[in-house]
Amino acid sequence: MKDKRDFRRSRKPLFKRLGTYLPLMIVLGLGLPALLYMTVMQTLGWSVPMIGINGAVAAVAQSSRQIVLYASPSTRSFFAQSGGNYDTLLVPWRNYFANRKLRYAEVKDPADLHDFSDAVLILPSAVALSDSERTEIAALRSRGGSLLATWASGARNAKGDWSGWQFLEANGARMVGEIPATTEAGYLVLNGESPVTHTQPAGQRIALIKTAETLLRLKGENVAGRFMNWARIQDEERKEEGAIVYAEPTPGASRSVFFAFSESVWEGRPLLMYDVIDDAIQWLQRDPALVRAAWPQARKAAEVIEMDTEDSFPNAMVFAEMAKKIDYRPTFYVLTSVGRRYPDILGKLAQDFEVGYHADVHDSFKGQPARLQEQRLEIMKAEMATVVENTKKLTGFRAPLEGYDATTEVLLQKAGMRHHTADPSRSDARLPLVLKMDDVPLEDTLIILPRTQRDDINLNGQNLSIEQYTKALVDDFDVAMDNGGLGLLSVHTQSFHKDGVLAKSMETLLPHIKERKNKIWLASAGEVAEWWRDRERFKLSYSKSGRRLEFNITVTGKKPLNGASVIMMLPQKNATLAIKPVKIGAPEAKVVPLDEYRASVQFASLQPGDYAYQATFSAAGMK
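Oh and the sequence shown: position 158 is 158 in the UniProt record's numbering, straight run, nothing missing.
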């Protein structure tokens, strides 16, 4: 037995017993709760300071052009007289600058705007502006400054009396009206790869908070975002309108961006809007930017049409014949317990089109035990093999009823599936997703393709005429293309009777799509998944010095990457972009203008390796 005296001698003071671990324990005791608190608050949308690599990059990449936050005294007076507080609309901007660690000047006297030239001027819902304020704002723009204005800026005079929308119209935006508070258009839906939303995923949905400040209906030279409902449907009368509009009236003229909403709609969950503001300010500063193109050869968007082949299985051939007329190879997801009863039809589909799995029976996988899910996948593959000789090339899956869970996708990957066509709720954007799994190499990853358009199940319950049904399909396609994202339409065999409403509507939709095949990528689900997987091997970084920009490309993996492109945001409207390799022997880079504000740099094929290029811009009067 141990001597009690030994025990007493071992009882050192608490500090000595903890020794060098005490400081660490103190740090952890204080730091872990703080870290957990910040993490939770960030998920709720609160502003959290940027640290680490992101913060360092932001600090290094700051532009020399000044940013001015104008706190209009006329607007402050107007809000005070109305019982409000203008600071509630200024604080979100102060929080943004603090979060991004950006230097800015807050100006309260219009005369102080004299001190700035070539600056980005921000007008946060500056509803009331005096004549002197309007004069100074116009003068700053004439000196090369740019403007970012929100909501109803300039709609009232210094006394708070209504003065109309002339201020907005003089600066590049035309007011059409207001959106009623009762509308379902409570989401800001962004276009991908636009100059002022270039880092945002195509079709990104940002939920807006309902406030006393109504959403405005604006038109402008260009649109980067729109007000829509969750399903990304826009009222017919608002199709030409935008929630974010931007303009550069003539090459080299002052640039402007307008948000048709106030700060109060995004203040509660600001982080997504911070990213949008980053892009807008970068464009206003004429700071060139470049991003990886979403689609091969910098196509504007991609479209997939897939059919769930279930009941009325022979109707699959009705759709197949339509697709052949426009030289399109859609995807057919086969419910194998039904498909095996029609071996001739299934064989033809497998020969001419892409065939994937729609499970064994039409029951959801969601919530089922893992072993049962695994057994169902085994049965599904075995049933398909009784008809299709080479099932190794069948690597796509779509869950019945869009019912699945995390277990399903783990099992799909293990079963050799390489893409999963999922439900619209899977992503707030209109782009594929790479499902990261431990110890799974990129070439074996599961790509998630969210359904991004209304399907026939959504539309059938609305009792639509052929004309209305057709219009819904065409409108959904057009919006997806406008977003620059993945349009994914799902139809079902039981709805595709030869003389039915869906088939008749498809007779109009398919030619409509064919007319746009030179701008969009019409592909099978498997082709899109394979491209998205390859795109992950394309890494891009860049640095700037004056009017010269250098960018580096790294292609990983073991096989060539075909069709990769970079999209460049030009520092001036209609600027000419020239590209040359930094080292001799680099693959040729082809410059293709996309519009007045953007150009693409396209590569036919890139072998694995590292490449460096230099971009220069030229235009009359460019600084």
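Worth flagging that the hints you see were computed from the coordinates, not collected in a lab. Note that the coordinates shown come from a computational prediction; the quantities given were computed from them, not determined experimentally. Certain hints may be false.
[To be verified] Only pairs whose alpha carbons sit at most 20 Å apart, straight line, appear in this in silico SDA-like list of lysine to any residue:
no., residue 1, residue 2
1, K559, K381
2, K580, Q297
3, K239, P180
4, K519, A323
5, K239, T183
6, K559, R533
7, K348, K366
8, K558, Q614
9, K436, F538
10, K324, K159
11, K414, S425
12, K436, R454
13, K108, A71
14, K108, T183
15, K498, V318
16, K544, K519
17, K558, E536
18, K559, F538
19, K517, K544
20, K580, V591
21, K239, K324
Cross-check of the supplied hints:
1. K559 x K381: violated (29 Å)
2. K580 x Q297: Judged against 20 Å, a Cα distance of about 19 Å means the pair holds.
3. K239 x P180: Answer holds: K239 to P180 is near 16 Å, not above 20 Å.
4. K519 x A323: holds (19 Å)
5. K239 x T183: holds (15 Å)
6. K559 x R533: holds (12 Å)
7. K348 x K366: Answer violated: K348 to K366 is near 31 Å, above 20 Å.
8. K558 x Q614: violated (26 Å)
9. K436 x F538: holds (17 Å)
10. K324 x K159: violated (66 Å)
11. K414 x S425: violated (24 Å)
12. K436 x R454: violated (28 Å)
13. K108 x A71: Distance ~5 Å between K108 and A71 Cα, so the pair holds.
14. K108 x T183: With a Cα-Cα distance of about 36 Å, the restraint between K108 and T183 is violated, given a limit of 20 Å.
15. K498 x V318: It holds: about 6 Å lies between the C-alpha atoms, which stays within 20 Å.
16. K544 x K519: violated (30 Å)
17. K558 x E536: holds (13 Å)
18. K559 x F538: Holds - the C-alpha atoms of F538 and K559 are around 12 Å apart, at most 20 Å.
19. K517 x K544: Outside the cut-off at roughly 35 Å; violated.
20. K580 x V591: holds (10 Å)
21. K239 x K324: With a Cα-Cα distance of about 32 Å, the restraint between K239 and K324 is violated, given a limit of 20 Å.
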